[in-house]
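*Asks:* Chain by chain, the residues run as shown.
There are 6 protein chains.
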Amino acid sequence: MFSALQLGNLDKTYFERLNSKRITAIGYELIEDKAGGMPVVRSMSEIAGSTVMLIAAEYLSNVHNGKGVILGGITGVSPTRVIILGAGTVAEFAARTALGLGVDIQIFDNHLYKLRRIKHALGQQVSTSTIEPIALSESIKQADVVIGALRSEKGRIRYMVTEDIISQMKPGSVIIDVSIDQGGCFETSEITTHQNPVFTKFGVIHYCVPNIASRVARTATTALSNIFTPILMEISESGSLEDMIFTHKWFMKGVYTFKGTLSNATIAEKVGLKYRDLNLLLAARF
Amino acid sequence: MFSALQLGNLDKTYFERLNSKRITAIGYELIEDKAGGMPVVRSMSEIAGSTVMLIAAEYLSNVHNGKGVILGGITGVSPTRVIILGAGTVAEFAARTALGLGVDIQIFDNHLYKLRRIKHALGQQVSTSTIEPIALSESIKQADVVIGALRSEKGRIRYMVTEDIISQMKPGSVIIDVSIDQGGCFETSEITTHQNPVFTKFGVIHYCVPNIASRVARTATTALSNIFTPILMEISESGSLEDMIFTHKWFMKGVYTFKGTLSNATIAEKVGLKYRDLNLLLAARF
Amino acid sequence: MFSALQLGNLDKTYFERLNSKRITAIGYELIEDKAGGMPVVRSMSEIAGSTVMLIAAEYLSNVHNGKGVILGGITGVSPTRVIILGAGTVAEFAARTALGLGVDIQIFDNHLYKLRRIKHALGQQVSTSTIEPIALSESIKQADVVIGALRSEKGRIRYMVTEDIISQMKPGSVIIDVSIDQGGCFETSEITTHQNPVFTKFGVIHYCVPNIASRVARTATTALSNIFTPILMEISESGSLEDMIFTHKWFMKGVYTFKGTLSNATIAEKVGLKYRDLNLLLAARF
Amino acid sequence: MFSALQLGNLDKTYFERLNSKRITAIGYELIEDKAGGMPVVRSMSEIAGSTVMLIAAEYLSNVHNGKGVILGGITGVSPTRVIILGAGTVAEFAARTALGLGVDIQIFDNHLYKLRRIKHALGQQVSTSTIEPIALSESIKQADVVIGALRSEKGRIRYMVTEDIISQMKPGSVIIDVSIDQGGCFETSEITTHQNPVFTKFGVIHYCVPNIASRVARTATTALSNIFTPILMEISESGSLEDMIFTHKWFMKGVYTFKGTLSNATIAEKVGLKYRDLNLLLAARF
Amino acid sequence: MFSALQLGNLDKTYFERLNSKRITAIGYELIEDKAGGMPVVRSMSEIAGSTVMLIAAEYLSNVHNGKGVILGGITGVSPTRVIILGAGTVAEFAARTALGLGVDIQIFDNHLYKLRRIKHALGQQVSTSTIEPIALSESIKQADVVIGALRSEKGRIRYMVTEDIISQMKPGSVIIDVSIDQGGCFETSEITTHQNPVFTKFGVIHYCVPNIASRVARTATTALSNIFTPILMEISESGSLEDMIFTHKWFMKGVYTFKGTLSNATIAEKVGLKYRDLNLLLAARF
Amino acid sequence: MFSALQLGNLDKTYFERLNSKRITAIGYELIEDKAGGMPVVRSMSEIAGSTVMLIAAEYLSNVHNGKGVILGGITGVSPTRVIILGAGTVAEFAARTALGLGVDIQIFDNHLYKLRRIKHALGQQVSTSTIEPIALSESIKQADVVIGALRSEKGRIRYMVTEDIISQMKPGSVIIDVSIDQGGCFETSEITTHQNPVFTKFGVIHYCVPNIASRVARTATTALSNIFTPILMEISESGSLEDMIFTHKWFMKGVYTFKGTLSNATIAEKVGLKYRDLNLLLAARF
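Residue numbers (the numbering used here), protein chains in the order written: chain A, 1 to 286; chain B, 1 to 286; chain C, 1 to 286; chain D, 1 to 286; chain E, 1 to 286; chain F, 1 to 286.
Honestly, the hints are just simulated from the structure, not real lab data. None of these values were measured; they are calculated from a predicted model. Incorrect hints may have been included.
Copies of the same chain are indistinguishable here, so a pair counts whether it falls within one copy or spans any two.
[As the list claims (entries may be wrong)] The list that follows gives simulated cross-link-like pairs (lysine-lysine, DSSO-like), each with its CA atoms no further than 30 Å apart:
#1 Lys114 / Lys249
#2 Lys249 / Lys12
#3 Lys259 / Lys12
#4 Lys274 / Lys259
#5 Lys270 / Lys170
With the sequences and hints as input, model every part of the structure.
*Replies:* Shown next, in the form of structure tokens:
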């Protein structure tokens, strides 16, 4: 379910079939919690962020024919340079791991308030910059690892780093594109799989597996059931799913088809189907 | 050279041949620096320590058929438990990485002053214990990762963890035996290679590659040349290697055969050859 | 005033008498500040949280016939284990003290966003878990100290830890139930007093004094007057209390009876009296 | 044994009797470890330092008729002021606890290198001063808690704070004299017991129990057995106690009478007995 | 533009002229970002806060005939005392620099939630107090540096520190009044310039340059263009400035005259001109 | 006295005159403390290190016609780059200040154990490198500030950075040569004074005032009297200066002429005078 809605391979027929069966479908990754956050996206991002540096370390070492360089700061050896595009949850957890390893990191994002928040979370020493094309290019050319971790609320991002820049990166450098499920941060990104996780282009190793969290399936499962268990318990207390939807605004956000009608505007626009507001649909019931 | 002396496969013939050719041989890993430390061992230990947690993370994930568990602390999911045997440089750098990842670590060592030093380096929150067999067993049974990082000055350690305890560990747990070059901390340890780095026994994944630093060959090379370059420059300034040995006490520690005579007591005892003190050998020259 | 509303001994007659005298009564602990927080609850919780670990330390030592164990991490001695139920202000300040002492803490709460906030405040090393009954029981059985610091917005919580689990705790362990004013987190909790602060059940020392902050009466007084002084000054500037209520939304939250009518829904429901919305009451005045 | 040597009530007859029985007596608190530290003093000091702030908190609260002040920093309330005389292990652990509680601390010592070491251990924010009488007096008059933690290598210190200054302290302030076993840091100090731990003079609460570590007897026992167990094992491996003494320089430091002769210069001088160097005594044996 | 609105020299004629030309004027410092913060004020405050301690250090040293005192904590020398009035962004960045230098700081503010936020950002060791006149006076008399960093939402503050208190400060102390653009925190404050940045009164050095950020003009320019570039790009995408205003609520906050009508209530009141709500103005257009 | 011996303008006549008068001269900066450190050098280095970043900040700002750049990390603006040559006390305190300001620092030194020590003191995130000419040149060309803080035990260093590299630095960059009293780290360095502290060469601002600590004369005086007061008191207790020298090994290090004979080997060699070992001189007296 998670990947279905995220990966953009949305299919008109799929929704028509749901509607014909009058199914009420809920995208768990769209649910919000009481504090206004999106708990599923947040938890999966914590996992992806924590994992991403470990993957980079793997591909920098010799064992996978990498540069043979450590991800971290050994006394007297200039530290590895890591660039993170984006300043959200993935970036925060990736940066924290990187700092623990003694890596030299730079975070780029165009939202000042996100940069402020991440500086606040990680300490003032963290280098943050707005995305200024020339400065970004210079930094990327000197980097050992570049993490793409931008996230668009509109469901799709435009790449930030052109093929031209990537072709000038140092051989054996590693790109990990966590944003690949929204189209990717790099012009050269192409979706890969856990079976064949990387490809090399211009001498740069690309890791573009969409759902990184599934690398640690058991942890991901626990994290998700931490979110779903209280929801399921509230549904059972509410009497019915419909009552739950009606009485819990934050839960309502997850509903994308309701008894035969599409109720999510973004999806409706993408697949070219009609859409009705869920509040109106619910009001009509009573 | 590094592995030759460390791995214990010392061969009488090898030294006899050196002596017959009146070679002066220097074990770089035996050299001390001006502050009394052993710079090669220290640098390789920094690298091994920084790498060891990344290896553990790799084998805990699904990609190598591990438990599918993240090495780190995701909000709401009990953190992974890591036990480190030993409180030296490897332990310090492994623990620092682990703390950056949000792991729950426990450090065991029998030297209180080492435990104090590591607490001082990592912060008072780090849990340290002397090695009390029953408490250690209980902890290991609940651990996800156990790192063996004890180091003996006498060149050889006796395993600390018996087969019996390992057989009670949770399936899919990971053991990394950094002390394997001195015999290993675990009864079940057997040397593995970078080509076939792991084997599974009692459901526990064992990683026992002796020279972990060679996983990041380029970094290791830089770290070593940071040590050797100033030494070579001092040798060239001293006029001859012999003058260098004579005038630099800290360098002298690295000499194990001197112009036909074995001068390292530990090696002499191991291979059953005669030994003479280097000070006397040098004094005799003048 | 603080205890009157919190301790749940709400009495219908009390409110009827207030109303008959057409008194406007304000519960200071219900007032919100401009940033939406509840300053009185927050300040008293900071004090309670900072105090709670000191109390635990007292009852773990021999002087009160405790286990004779230090609350903290001495080199080479496994650290004391503390469990905190709840992830609010009390938990945050208790945990901070515990970390300063080198204690091994685990925080349990069912709200992921609270666990995230406390991790953010205290550092990623803090172990957080959602409340999963089996895991919680296991942890409690191994704990030296358990702090109950759950807080319900509805004014009353249901205990989380059964008598059965408590009976399996280690003898001499200490329970401090900060939530006792809302009913308590433990089945065995019973209100105690500053005169007789503890009782022992199943060998476990229970400290259940409702208003812990009064242990440090002078500090509590200063903290409260820090909140009230600016309010009183605003009242005097506003001309009358009524004007103050009318023009300050955040202050209005504290009013529970207004000139003869009960205006707090929760109290009304509890004591079985009629209730009218304060906005309507005020609107009616003009 | 620990208290016997420390508390200064050394008795000539005691040593004469030991000698007449040709006993070899070892003061465990005099033993040094391989790194040159004194492990027993160090461990007991860690415990005392960690405990001392908790005791101060107890006597500042109302429960023992203290000022009713919290030991720590509540938002908006000026933090409690703590002064620590001395910059050794007790001071380090006391200060760490204090910092965790948010207390405002000042450390006074006359040894710059000790002040540097403690700043290094605790962070640069810690305020350190050399002991300049006027500045010290001013600070003490404004303090809420004063910890005496000076330690003399010569076994006895002279008080640093006169009765006159103490008489000007704020009523309800707390003095804890950890140095009481060496005579005390305050002119007003007098030994107290765990049964009657405090007395009040000039309105200032004095806590002068000599062996604070025994407040947490179980932890102290574990800490001591962590030190003694490996020693006892080495003795049994060495064949005899005498062999152990002969072959372990660091252990030798603990021996104060050897087979009928006093071998500790400090004790000899104090009790007025003859003394012979242990090296000579041992050499004579072979 | 920045200074024009801030410095209070608002001129009725200026606005009448703007209106007669039917200009739409935007005060960039009034714009809010998507997260509700005011990015220009925030960025300039970060710069001012970071700079303010460096200025204090300059005037404490001998080179400008100051006291010859270091701003920071040298081992064994009591640290410099710095007081910060206010707990906003300037205070946060000033305090962070001060802590890095080892200074002893105290923060005063009347908003508990701001004090909480700054404690959260800087660590619990930071001393925070509400503004209680007597305690504040005592602290100021002992201070080496006092920073005025209060900020009023209403555009103007009343001084907090009277001439009488300043006359009792230690000679050579330094006052920096960052709030001078809103009237200043000190009765003795008078605007100075970058050419003549200080004057001395009662022996106290006063630095009252209104726009401190212009000391580092290049950094300030980069910080501002980081904010304006994305806004200008959104305007060009929106088609026209009017469309931009209409569709971006956060941008609307910056508009103070719209096509001939004053639309900012605060300015209108100050200069005595008529005011109309921007929403109504815009609505009227369609 | 401090500058006399340090600045290298040692004059044969000066010592001959001392000897003819049979003066016993003590260089306080040569005295060692009981822990083996040199307290005067160390204290002056703490002050210089803490001050150096504040000076850099001054010359980067516009007020002295600098680049107009802030020394620190403002959100979204790439942080200032600071390079520190040397890893001793000056470097440690300079780096700590820099980190507090959010600067991006790199430390270069050829002694691995010094780099390790400084990483230990400042945290693993600090970037350390051995001095590799090409890498160093590249870094210096991109730096905003370069601090020269190398210190030779032999009294004189050879510059590390050539005129050629400095000529390629960015215009407006700042060089501060703390090592100027030993000859300087930069080929372009020339001694300046507190009256005319800087000169510009190749567009780079050079600050080469030898005794930076005298910028904060009062603090320096306090720091020195913290060292000298206990020494003077010990001299008065010892009866005579000679007895003091004889009984205090650490104090003896400071004596460079003793009753008519030069006793410091380094000075003797420099000025071409005869030298006798102080131990022999003293022994001869009895």
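*Asks:* Quick one: which hint numbers does this structure break? Sort them smallest to largest.
*Replies:* Number 5 - this is the single hint that the structure violates.
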